[in-house]
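**Q** Sequence:
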Amino acid sequence: MKQAQMVFIPSLGASYLVSFTQFAKLLLDREESLSATILVINPSYGANVDTYSKQLVASIHKSSVKQVIVNHVMSEKSSLLVGLVVDVFCSRMIEVAKELGVPSYVFFTSSVAYKQTDPNLTISSFANPIPLRVLPSGLMNKYGRYTSSELEPYAVSSFKDCNAPPMYTVGPILNLEGQKPSGSKTTEHDKIMKWLDDQPEESVVFLCFGSAGSFHETHGHRFLWSIRKSAPKGEFSLPGEYTNYDEIFPDGFMQRTRNKGMVCGWAPQVQILSHKATGGFVSHCGWNSILESLWHSVPIVTWPMYGEQQLNAYEIVKELGLAVELTLDYNMKEGGLVMADDIVKSLKCVLEDGEFRNRVKAISENSKQAVLDGGSSSVAVDHLIKLMLEVRP
1 MKQAQMVFIP SLGASYLVSF TQFAKLLLDR EESLSATILV INPSYGANVD
51 TYSKQLVASI HKSSVKQVIV NHVMSEKSSL LVGLVVDVFC SRMIEVAKEL
101 GVPSYVFFTS SVAYKQTDPN LTISSFANPI PLRVLPSGLM NKYGRYTSSE
151 LEPYAVSSFK DCNAPPMYTV GPILNLEGQK PSGSKTTEHD KIMKWLDDQP
201 EESVVFLCFG SAGSFHETHG HRFLWSIRKS APKGEFSLPG EYTNYDEIFP
251 DGFMQRTRNK GMVCGWAPQV QILSHKATGG FVSHCGWNSI LESLWHSVPI
301 VTWPMYGEQQ LNAYEIVKEL GLAVELTLDY NMKEGGLVMA DDIVKSLKCV
351 LEDGEFRNRV KAISENSKQA VLDGGSSSVA VDHLIKLMLE VRP
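Numbering (the numbering used here) for the sequence shown: 1 to 393.
Derived by calculation from the structure, the hints in this document are not laboratory data.
Incorrect hints may have been included.
Said to hold, decoys possible - Computed list of lysine-lysine pairs in DSBU-like fashion (alpha-carbon distance at most 35 angstroms, straight line):
1) 229 with 194
2) 345 with 185
3) 66 with 98
4) 191 with 361
5) 229 with 77
6) 25 with 276
7) 66 with 77
8) 361 with 345
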């Protein structure tokens, strides 16, 4: 029998590619008759571009993707194309699947829940309330999806009561080994881990949200701060490294905090979150970061920056009670201030509130149970693989 070939089409961005790669690996590890091809579309826009532009660019590549699949996948005599797995931002590729006569599966790499996006707005110059969706984007504030039934039970169950395609909660899908350092990053990795080894258990606050946030030295907590240069505006490239931290911090900051804090560029996030010294995580609330933090029982302080991060922050604070609110609606494009007192209050909660920390540890154990044999996510993966293989004659 021919090998069943799945083609994965992620959206642009490192987090999407990592999620797709881990998902493909999960399927291949579970079913030896499956094989996978991951198509990476060359970027033609900046990392923080809006959703509409991402979808527009994906549609431009539609014919090229179809041609690549026909010429390089379907031409293989030893395998049979059985479906396409597409990112939600590449939904136009569903049309490619239809044209090729195979099923398509939308891989949603964030939370299941979403905030109501169509409230009515009362405007004095209109007789009737105006749906938010009809307003120009510049006139409204935007608030901002793999998961497990254990993490988002309410959101998952809500899909059972509507006329929607079947949903398979296959997460959390994580690379628990993290990114393996090479070159100069190996030295940085060893330096960071050595510093953590010297700190008391659950005493360090890990900050990782780029250069948009700030952390005042008088807060008194031990900290590890990963800070990197953002890509130039309009360019699609990985963050860079600062060569002199004195350029971006107040005079004397590095000297005054040398005994209780460490500032670094690239940081091995998974290894840091899994370290016994890490007691809290001030995060931009990307879904991958949320899952990694909860997996390792590290409480989160929310500092979202853009995209769906505000929505993710809202869910884990208000809906799930698994994070402490520093801010829910901060937007790096609009700027704004986060007050020092609010930061102190949030950090004190994640480091000292035993009841809150126990709640995070409980959901961590539930998430781990979900991916074991017989767990909800494991069963969902088995059902999905069975569905994929039904296409073969």
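**Q** Each hint: holds or not?
**A** Verification of the hints:
1. With a C-alpha separation of about 24 angstroms, the suggested pair residue 229 and residue 194 falls inside the 35 angstroms cut-off, and the hint holds.
2. For the hint pairing residue 345 with residue 185, the CA-to-CA distance comes to about 34 angstroms; that is within 35 angstroms, so the pair holds.
3. At most 35 angstroms may separate the alpha-carbon atoms for a hinted pair to count; residue 66 and residue 98 meet this at roughly 11 angstroms.
4. Proposed proximity of residue 191 and residue 361 is supported: the alpha carbons are some 28 angstroms apart, at most 35 angstroms.
5. Restraint check for residue 229 and residue 77: the C-alpha separation of about 47 angstroms exceeds 35 angstroms, so the hint is violated.
6. The hinted pair formed by residue 25 and residue 276 meets the criterion: a straight-line CA distance of about 28 angstroms does not exceed 35 angstroms.
7. Only pairs whose Cα atoms come within 35 angstroms are accepted, and residue 66 paired with residue 77 is accepted, the gap being roughly 18 angstroms.
8. For the suggested pair residue 361 and residue 345, the alpha carbons sit about 21 angstroms apart, so the restraint of at most 35 angstroms is met.
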